[in-house]
Structures are given as structure tokens and as C-alpha cells.
Amino acid sequence: MVATVLRIRFRVLGNTLSRSPMQLIGFIVGVIGAVWMLFLAGVGFFFVGTLDLDIARAVITAAGAVLTLGWVVGPIFAAGIDTTLDPAKLAPFPMTTRQMMVAITAGGLTGVPGITTAIGSLAVFLVWARYPVAAVAAVVCVPLGVVICVVASRAVAALAAGIGGGRRTREIVGLVGFTLVIFASPLFIGITNALVSASEQGVQLQAVVAGLSWTPIAAAWAVPGDLAAGSWITGLLKLVIAAATLATLWLLWQRSLAASLVGPPSRVATRRRSGSLGWFGVMPSNPVGATWARSLTSWTRDFRYLRQLLLIPFAPVLVLVYSRGDLDGPFFAASGLLVGFFAGILAYTDVSYDGTAFATVLQTGIRGRADRLGRMLGSATVSIPLVLLADVVTLAIVGKWELLPAVIGGSMGLTLVGLGVSAVSSALLVVPTPAPGDSPFKRVPGSTFTMFLAFVLCWALVAVLALPAVIPAVLAIFAGATGAGWVSLAIGLVWGSIVFAGGVLIGGTRFDASAPRLLAQLRMFQGA
Amino acid sequence: MTDIPRDVPQPSALPEAVAPPTSTDSLPAMQLTGLVKHFGQKVAVAGLDLTVPTGSFYGLVGPNGAGKTTTLSMATGLLRPDAGTARIHGVDVWTQPVEAKKLIGNLADGVRLFDRLTGEQLVTYTGMMFGLSRDEVGARTADLLRIMDLTEAAGTPVVDYSAGMTKKVALACALVHAPRLLVLDEPFESVDPVSAANIEDILRGYTASGGTVIVSSHSMDLVQRMCDHVAVIAQGRLLASGTVDEVRGAQTLQDRFVELVGGRHHAEGPQWLRQS
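Protein chains in written order, with our numbering: chain A, 1 to 528; chain B, 529 to 804.
Extracted from the complex, chain A is given alone in its bound form (with noise of 0.2 Å):
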């Protein structure tokens, strides 16, 4: 059965990448990357396996834990987890909850990241060569690593889409676990961080890496380190919690795939009551004001929107993580300005997220200019005091009231510039998106490189229209001529407004061409 399925897994992979040459071209863009990593991977534990044995295992302890996390955390900022193998498509067969969790694990493990693992970790062999009584336990403990690091990865998904009852619920602890997950990587590069900084004043990393190599994440890698070193006690501990560590995720999995395959996601209904239109009722009735309306809502209750928005805080973090915790530098009261940057161009591909009820817009024969404007106004109503707001308490944290003109400047003209961008490139462009209510770890079929090209095209196009603005804001903030303040925030309001203007116009002209084209391949993803 478990080979059966792993066959049609193969058989859907090479009809996708027959179909679709863009898609085989993003497909070989990921195995080179895959091959770079196991290059990188075999050389580094070739010079690890020659150092002191300390050196190595705390190296390989620390390996591990990455890796582990990175199964966690990498679907949300990759491409998310391979559904090809879904429990709901696998449901109507004859097989046991068991059987679909191995068929699963399986998938896993022989997809692109999978195998990469596999050989990746393979290379640990290089450094327990010399310890026969490593390289033994080593062939236990590598396979129960990589095991641990796909089940993780699948119980992990599987929960966040599966606790609580209704859809809201759902939808809330699915949109808190992902705010977890991606704060816990700047938080992980932090801790790294701090304990390279306080190795370096003497503490002892080595003792930091033994205290991790008694956690969930990184136990499994840790076993044959401690037994080369002597510690038998210690090795067989550790053996146990990563035994322990799988057979826990595989229970959590377990119970949450089998209630969600008896029990789909019940309908509680929310309600309003009737005659409260929200923003309907505030914007003026004409294609503008629904539009704008209709994003202002998706903007603040839909969820696929809500977790872009999580990006606005997480800017300050990434600098402040990035600078090691400096906060007297400049780099973190510059922070204002890459959060305009993420800001204003979270809308790049609004028309994505309407779906296929892109066509009810259609339906009303509604002008691009009118169309822009209303998702851009929309876009900007959130943005834009979320970026003020995080401007300010920035500088609050740092307390130089001074940098404000020049923040407020650089931060208001990219935002400005990137909603501008984004009225053009919206109407140009779709990219597959989770339906409403999908799970932010599912993986959405049908992306390909092209897409990912004209995402970084667009970063690209914001930032060299938005220089005007930053140059001054940027001579104010790191070389202290406040002055240049001033002048970047007449300059980034102005010529943010111009640009935000030129996009409207010049994005309703191509949305009008291309509205129908835009649709056709939403069908598509839809039919994907």
C-alpha cells in the first residue's frame, strides 16, 4: 500500500514537471540548490571531522538542532509542505491511519528536501569515521534524526491546521502558531548570537551546546558524540528522549489526523447582525468605495492577509537580532524604513487573493483606474498607520525624537512608492495562493520561478524608485545631518504621492487590457 502510494507520488511529480517547463526549470533551480548545500555540508564535516572530538560534537549537536528546526519553520517561508500526499485525498482509501502516516512520512522523506537530508546527513559519517563506537550508534541515530525532522514537520502542520472546533478558531490558533514559528527563527539567530558574543567573552559554548543537546531537537544528533567521548550514560539518556521525542510527535500527529479525517472542521457560524455592513456602510457607494471597502475588509478578517501584516513587526525584530540587540546604533532607528518597504508592497499581487471571486469584479465592468485605487486605498488604510505606528515606537525605544522627520520621510515615500508599484504590478500579475481558511503550512501548487522573479523584480523596482526619498533620510540617520530630515519627508511624501498616483493610472490602463487574462489563470490555480 505505502509503495502504491509512494508510486502516484512520483507519477503526479513527473506529469507537473512534464506539463509545465517552468516549473521543471524551478524544480532543477531547487535540486542545484539542494546539491550546493550537500557540497557545502561534505567539505564542512570533512575539516569538523579532523578538529578535536569536543569541537565536533557540539558542531554536529548544533547541526542537528538547525536542521530540525528548519523541517518546522521552513514550509512557512519556502514553499511550504508538499500536499501531494494530503490525508484528505488519501482518505477514501482503504488504509489505516497508520499506513497513511508512514505513506506520508515516506513522501517525506523522498521528496527534494527529504533526500537532501538524508544524504546531507550521511556526511556525519565523515566525522565519526575515527570513533567506530559513534559510527554504530551513528547508524541508529542519523535515520532516527532525519525521521524526527519529517514527522516534526507533518505533526506540526497537522496541528496548527486541525485544533479547536470552528473555522474562527481555526483560523486564530492557526495564525498564532504561525506568528510562534517565525519568531522563533530571528529569536534562534538571536540566542546563536548571544552565545557566540558570550563565548567569545569566555563562557564556555561548548557547555551552551551540551544543555541543547538534552532538548527534542537536537537529542538524536547528540547520541553517538557522547558515546565516542565515553559518556555512555549520558549517550543512552539522550537515546531515550529522542525515542521519546518521535514517538510523542507521532501520537500528537496520530490524534490529530485521525479527528480531523472522521470529524472535518465543523461549520460554526459567526455572525453579524443583519443591517451591519462595517465598512460597506462608511465608504460612498460607488465602484471606489466598494472596492475599498471590500480590501479594507479582507485586510483586517481574512487571515491570509493578517499573516502578511505580521511582517510589519517583524522588521524591528530582524534589525535588532541583526545588530546583536544594539540599539544605541543607528541601524535599529532605521528600522521605520524597512518596515515601509515590506509595507507597501505587501498588496504586489492583491488580485490573487480574490480568487476566482475576482469575477464578481469583473461581472460589474468596473474601471482599472477605479479598481486600483479602491485596493490601493484599501492596502494603504492598514499600512500605512501600522508603518507610522512602528516609526514612532522605533525612536520611542531609542529616543532620538530628532530622526523622526527623516523616518517618517523614508518609510512614508516606500510605502507610497510601493503601493504605487504594486497597482501596476497587481494588475499584471497572479501568483497561486491558499484558498481562505487553508492552512498557512500547506504548500499551494502551481508556483514557479517566473513568479518568484517578478516578486524580487518588484523589491528591486521599490527600491530604486524610492531613493529619492531614502538618500536624505538615510544621510540624516547614519551620517547626523538631521536637516536632510526635513527635506526627505517633503521629498517622500511628494514624490510618493506622485508615484502611488502614476501606478493608479498607469495600473488601471493595464488592468483594463488584461482583467480577463488574470482571470483565466486563477480558473487555473483553482483547477490546479
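Since the hints were derived computationally from the structure, they do not count as laboratory data.
It cannot be assumed that every hint is accurate.
What the hints assert, rightly or not - Computed list of chain A residues with no C-beta within reach of chain B, every gap over 12 Å:
1) ALA3
2) TRP36
3) GLY42
4) ALA63
5) ALA91
6) LEU109
7) THR116
8) ALA118
9) TRP250
10) VAL398
11) THR450
12) VAL464
Stated by the list, open to error - What follows is a set of in silico ranges between Cβ atoms, one per label pair, in the way DEER data are often shown:
13) A:PRO92 / B:ASP610: 36 to 44 Å
14) B:GLY568 / A:ARG130: 57 to 65 Å
15) A:SER18 / B:GLY770: 40 to 48 Å
16) A:PHE10 / B:ASP773: 37 to 45 Å
17) A:LEU17 / B:GLU774: 49 to 57 Å
18) B:GLY568 / A:VAL29: 50 to 58 Å
What you are looking at is a predicted structure, and each value in this text was computed from that prediction instead of being measured.
Note that the Cβ used here is the ideal one computed from N, Cα and C, for glycine as well.
Let chain A serve as the given structure and place chain B on it in line with the hints.
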């Protein structure tokens, strides 16, 4: 939108809400000429001509994959044809899309709605998109929700509606701007019999007052009973069209359809599927 009467809100106001007759009335409600659509190698619609007279209740029937949805999408401005023209009351859909779409009320099949909005918000949104005044939108939304038996569910997000309720709210959206032509793709799919009968009444009143309805359906009985005109489409071509009586002759529409389209076979199914 000056051609919409401002004194609309009355119970069951739909027939009165139809735009008054204009000089274009002598033209057919919909005229398709030489429509062609390819999807890659596959020809979905192969040079289709169809004329729908004003005031008719027109059924569009065909087997799965015949090109019904593709044809209706091209006729309503949702899918750009490779060749051919579509005119609604004389207005070309692809050169004057804004004017043409104001005349059309469209219930498309196989597309989502903005289902995070409540039913009331969704109908209001559609009305606002057509530029109706706020009072008018409010009155019409209330009327439509009442007619569709959705008043109770007005404040519930459409995502939590059943399939039938979703069809009904989509129909309400198609009606809110009082179009002169209704294009309904599979309007009765998964709608319960009581709601179907109510919808049928609304549509009959609408055609009686001069509106035109085009429905696509798989149900021959329904088309024979409801429609006065019918067109049979298969493999992207028009096989027959005219009044229902002309097309079916002495047969039932079902039998005539099978005769036209072919593909019926009288087998008992494979041996292994027999239960005794």
C-alpha cells in the same frame, strides 16, 4: 446609471426594477457571432453563432465539456474570445465592456464569491460596484434577501452558507443592478426544490416584464418546462436552436438531445459490478 428609477423599493420590486425600454429593444438581447476559443491544442468553442431574442427565457444545454461555460464567459466579458463578437442589446461586450456589463446580470459557475463577507455585505458590495445610491442599495438588498429567504442568514459570512444558499446569494448579486439580461450558469444546481420554485417565479416575473434570461443546465426536464427557447451545444458547436417546440419536435427534449448529441449506449455495466 440615470436610467434606473429612483422610486423602486416595493415588495417584490424586481419586475418594476427592470430598466425601461430603450431604442435598442429591436435588437436581440444577445447576439454571438463566430465565437472561437482554443485552450492550447483543444478547441473549446468552434465558431458559434447564437441569437437570443429580447424577452425570451432561453435554455442552453449540452453534454459535459460542450463549451457552455466557455461560451457564456465570452458572452459576458469574463473570457476574451480568440475570434468573433458578442453583443448585448447591440452593445459590443469586448469594445464597450463597461456599458455592456451594466446590462448583464451574471451568475457564473465554478467561481468563488468573496465569501468572507456576510450575505448582506456581498449584495451591498455588488450594488455599490454598479454605482447605485446608498438608499437604493439598501432597499434592493433587503428585497433580494427576503425573496431568496436569506434574511435570517443576512449577517452570516457566505463561507458558512450551504451550497444552495450560496447559489441564492450569488443570484441576488446578479439581480441587484436590475440588469436587462440575466445569464445564469447552472442556477439550480444544489438548490432545494422550494427555493428552486421561488427562484423560478422570480425569473418568470422578470421575463414577463421584458427582461431576458439565459440559463445553462443539464436538466432537460427543467429546460423543457421553464424555457421558451433552447439551444443545444456539443463540442463547441451549435447543433440546434429555436423555440423549445421547434427543437424537440414530437419527442421529449431529453430524447431529442440524446439523438442530437449521441453517445448513449445500452449496456448493463461490467459483470463484476453486478450484485447478484
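How the hints compare with the structure:
no.	hint	in the structure
1	ALA3	holds (25 Å)
2	TRP36	holds (35 Å)
3	GLY42	holds (44 Å)
4	ALA63	holds (43 Å)
5	ALA91	holds (20 Å)
6	LEU109	holds (35 Å)
7	THR116	holds (34 Å)
8	ALA118	holds (38 Å)
9	TRP250	holds (33 Å)
10	VAL398	holds (39 Å)
11	THR450	holds (18 Å)
12	VAL464	holds (33 Å)
13	A:PRO92 / B:ASP610: 36 to 44 Å	holds (39 Å)
14	B:GLY568 / A:ARG130: 57 to 65 Å	holds (59 Å)
15	A:SER18 / B:GLY770: 40 to 48 Å	holds (46 Å)
16	A:PHE10 / B:ASP773: 37 to 45 Å	violated (56 Å)
17	A:LEU17 / B:GLU774: 49 to 57 Å	holds (51 Å)
18	B:GLY568 / A:VAL29: 50 to 58 Å	violated (25 Å)
Consistency with the previously given hints fails for numbers 16, 18, ordered from lowest to highest.
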